[in-house]
Amino acid sequence: MPHDHPDHDNHLDPMDARVRALETILTRKGLVDPAAVDEIIETYAHKVGPQNGARVVARAWTDPDFAAWLREDATAAIASMGYTGRQGEHMEAVFNTPEQHNVVVCTLCSCYPWTVLGLPPVWYKSPAYRSRVVIEPRAVLAEFGLHLPESTGVRVWDSTAELRYLVVPMRPEGTEGLSPEALADLVTRESMIGTGQPQVPA
Amino acid sequence: MRTPEAPFDAPWQAQVFGLTVALHEQGVFDWPTWAQALGAALREDDRYWQAWLSALEALLSARGIAEPGQIIDLAHQWQDAAHATPHGQPIRLENAGHGAV
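Protein sequence lines correspond, in order, to chains A and B.
The working numbering numbers the first residue of the first sequence as 1 and each following residue consecutively.
The working numbering numbers the first residue of the second sequence as 1 and each following residue consecutively.
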């Protein structure tokens with residue numbers, strides 16, 4: 001309600017002021033172009049997101065040649081769908097099987113496959129997730145509501161600035177007749193990080 | 001699929017993110033260097049975006065691009081400009097009262 005306090009003084013919080021100060025310095029030095037910064041923000045806030053990864057997974061489920069390529073060279077296979085990284089990072093796709101469930105973390109900071117999943121959720125960046133999932137993955141997955149059979153091993157992949165992982169979950173049963181578009185709707189962000197499973201068709 | 005929550009809680013978080021990616025694209029630092037800086041800052045401060053800003057300030061200071069004192073002075077000028085700007089209008093640094101810009 002912006003008009004509740006017509007005499008209200010404008011106030012910049014200290015973090016906002018520091019970032020504006022930084023941008024002013026960088027712009028004056030010609031190191032950044034504010035329009036380019038706006039474009040980057042717009043891209044990552046609104047355009048790039050887990051819908052990209054969901055299309056990659058759905059294609060891998062329906063196109064064996066693509067799945068093989070994704071396994072062999074995920075960077076190139078994903079780039080062929082128009083999703084390319086801005087940091088020169090390499091992608092690796094890790095496929096869930098009945099024997100092995102994969103889950104991704106960045107123990108250092110918050111490295112994450114932006115091109116296919118957008119920016120990471122808050123929990124992915126939290127110290128608790130980053131430290132605990134490597135020590136007690138089953139307990140952490142259970143907190144996400146993911147209870148794996150004892151016969152399924154859990155492998156934790158630690159992302160870096162140079163190498164980011166995409167989990168390819170197993171295709172849910174009962175989806176044989178679905179189109180890639182309908183399949184992509186079942187692929188959740190959590191299922192591509194490894195803290196969840198795809199939805200099952202209604 | 002469900003729309004995930006917005007990646008930023010405040011505009012300054014988006015802005016410092018955009019600045020960082022833009023600086024990397026300008027070749028000011030490579031991404032592994034950035035990840036190391038962010039990781040170090042997160043060990044000091046577990047508030048994610050505060051740590052992000054601290055990491056960026058540290059990298060720019062180490063490269064002689066922006067000194068901490070300079071950032072503090074300009075931040076104060078931005079706050080002065082905000083106070084001097086009528087509500088509802090865009091805040092511009094030229095509105096700061098010091099005449100120093």
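Keep in mind that the hints were calculated from the coordinates and are not lab data.
Even for Gly, the Cβ is constructed at its ideal location relative to N, Cα and C.
Honestly, I wouldn't trust all of these hints.
To be verified - Which stretches of chain B does chain A cover? Using the computed rule of at least three CB atoms under 8 Å from a CB of chain A, they are:
#, segment
1, 31-38
2, 46-60
Said to hold, decoys possible - Calculated from the model, a selection of chain A residues having no Cβ within reach of chain B, i.e. all distances over 10 Å:
#, residue
3, E89
4, C111
5, E173
A/C111 and chain B, when compared Cβ to Cβ, separated by more than 10 Å: violated (6 Å)
query: Against chain A, does the segment 31-38 of chain B show at least 3 residues with beta-carbon separation below 8 Å?
result: holds (count 6)
- prompt: Quick check: the segment 46-60 of chain B, covered by chain A? Criterion 3+ residues, Cβ under 8 Å.
  reply: Holds: 8 residues of the segment 46-60 of chain B have a Cβ under 8 Å from chain A.
- request: Could you let me know if the closest chain B CB is still more than 10 Å away from the CB of A/E89?
  value: A/E89 is in fact no farther than 10 Å from some Cβ atom of chain B, at 7 Å.
- prompt: Taking the minimum C-beta separation from A/E173 to chain B, is that value above 10 Å?
  reply: Holds, since 19 Å exceeds 10 Å.
In summary, the structure is inconsistent with hints 3 and 4 from the numbered list given earlier, while agreeing with the others.
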